[in-house]
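All chains, full assembly: derive it from the sequences and hints.
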Amino acid sequence: MILTPEQENILEGKQGKTRQKAIRLLIDLGKAAKANRLVPVTSAHVSGVSPLTGGDGLIKFLEDLVSDSDGTAVVETSLNSAGCDRNRFEEMDIPVKDYVEKQQMILDAYEKLGIELSLSCTPYDNILERGNASWAESNAVCFANSYSELRTNRESGLSALATSLSGYTPEYGLLLDENRIPNIKINVLCELNEPVDYSILGDWIGKQIDPRWKLEFGPIPHIHGIKEFDFESKKALTAASANYGSALLFVDSFTKNPDKTNYQAEIDFNYEDLQKRYSELAPKTKVDLVTIGCPQASIEEIERTAELVDGKEIPDKRLWVFTSAINFDKAKKEGYVDIIESAGGMVLRETCPEVVHYNHDKVKHILTNSMKAEHYLKSGLNSINTSVSRLSECIKFAENKDLVTGKTVKSIKTKNKTLITNKTLKTGPLESSGKGLESQSEWEITGEALVTDVPITFLGFVNRETGTIEEEGHPLDGISMANKILIFPKGSGSTVAPYVLLGLFYNGNGPKAIINTDLDQQTIPACSLLAVPYAHSFEDNPCLEINSGDKINLALKDDNVSLRIIDRNGH
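So that you can map any letter, position 108 of the sequence shown is 108 in the working numbering, and since no number is skipped, the others follow by simple counting.
Check each hint, because a few of them may be wrong.
In silico DSS-like links for lysine-lysine, alpha-carbon gap of 27 Å or less [unchecked claim]:
hint, residue 1, residue 2
1, K14, K102
2, K34, K97
3, K401, K435
4, K512, K34
5, K312, K333
6, K396, K435
Just the calculated beta-carbon pair ranges, DEER-fashion [stated by the list, open to error]:
hint, residue 1, residue 2, range
7, E444, F89, 45 to 51 Å
8, T285, A265, 21 to 27 Å
9, K256, K378, 54 to 60 Å
10, D230, L189, 50 to 56 Å
11, K378, N262, 40 to 46 Å
12, D93, N126, 31 to 37 Å
Honestly, the hints are just simulated from the structure, not real lab data.
C-beta atoms are modelled at their ideal positions from N, C-alpha and C, and glycine is treated no differently.
Next comes the structure, spelled out in structure tokens:
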């Protein structure tokens, strides 16, 4: 990688240890991505703010960084949603001891690093600039890339923070024209009438992904057949698409046409698919809480909610509307906040449904109008039964706590999808060569392999205390990665994943080494920061050639990693 004199100066530590750590992390990521240089950015957006999502890994990391910090943000940097509305913590009834104190510690640390406490997962609500950026909120990344002139890779919270502190990001991936190419063609054969329809479409696309497809920078759908596409629909589609790693999409007639295509598949989405998902997602038991605003509600969504609740009585504050501080002030001025709260709801600012720790004794079933919320609320983050309906249906359930199912939905029994795997048992010897990280000079490690060819979602689907994978349908469901050599393609899901890994490394239940076959912006930063042995780009695909239980040896020397199987688990 070619560095400028300014970048060499930072790497040599002449601008302090903090910026030195930051640029070293970015060089590790850039070399793994085969980037030739680091480029300046116009802005950064950092994720990893809630005590629920970041956990102890985030808190310890920030404590260490701030205590030794001699650098602050050098580019305009915004911050993702917090884990609660600090002004209404008592009303949110969060049962975790010291939750607000932990939240304040996190915010204080970011503020000391010179980062704006915007506490919004929708930085695109403001005017988007042109040029390269480093954003780490998955829905915001997809929105910016798809509908604006801003370009950003799907950064992790750690890599976006490193960019904020150094001013640079590796030039690779979606920053380059040649990679902004749709790889899945979607034909929408039915009308989509409101935002949640688009949310269901985005999530549905992710569920169709086959691991045999070559999606180097994640799924990039090219969607045909959409007739109407307003701001709310755009937001709902990209947010749900990001559940499965999409950082860019194209919509025929509504976004810039791609220069070329590389379709791995062509899929039809029809009326039966839409209705089937509504049936599967409909409430089957009484609803305890209705949440609106994931991503945080725009002024238009708040207005629609206010119109639907006007004159109604909502018992027990069963309706929570989440928004940013900026949109809260706008909604307050227009009278929408007063209408919602006069009806019995709450309008919460600076937080988002997926990052809140709910009182599980009281909240056992949530209804929402967002597939992004559904994806994470039902995960190990909160493990709450979550249903999805149109906004008007959501308000009916908020108003009537005895309602079980709406008039337009029909309950059907479904089974969770088993994720596709192409692994077969391998025998015989194997020696292969790969690459390590620039910042790691020499190491050797021997241990038991834990292997899958299916991506791992760390946030919500990996137990942050034990390292056990907890995703029904995943080939490694129920198995811990603690002290194993973990081999998998890449991480998926939230950009907060590195903090889950950091927490596992800190508490001694992380993997002893990691091998990825695809570029992973989530894993590399954590391994770079804590010098955990990491390898990639092998001659043979270790996800397919190594079995779980095999004893293997990894050794890094002169930037090359040798992999050797010592024992084939008895074979």
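How the hints compare with the structure:
no., hint, in the structure
1, K14 - K102, "violated, 33 Å"
2, K34 - K97, "violated, 45 Å"
3, K401 - K435, "violated, 57 Å"
4, K512 - K34, "holds, 25 Å"
5, K312 - K333, "holds, 21 Å"
6, K396 - K435, "violated, 56 Å"
7, E444 - F89: 45 to 51 Å, "holds, 49 Å"
8, T285 - A265: 21 to 27 Å, "violated, 36 Å"
9, K256 - K378: 54 to 60 Å, "violated, 35 Å"
10, D230 - L189: 50 to 56 Å, "violated, 21 Å"
11, K378 - N262: 40 to 46 Å, "violated, 33 Å"
12, D93 - N126: 31 to 37 Å, "holds, 32 Å"
Hints 1, 2, 3, 6, 8, 9, 10 and 11 from the list above are not met by this structure, while the remaining hints are.
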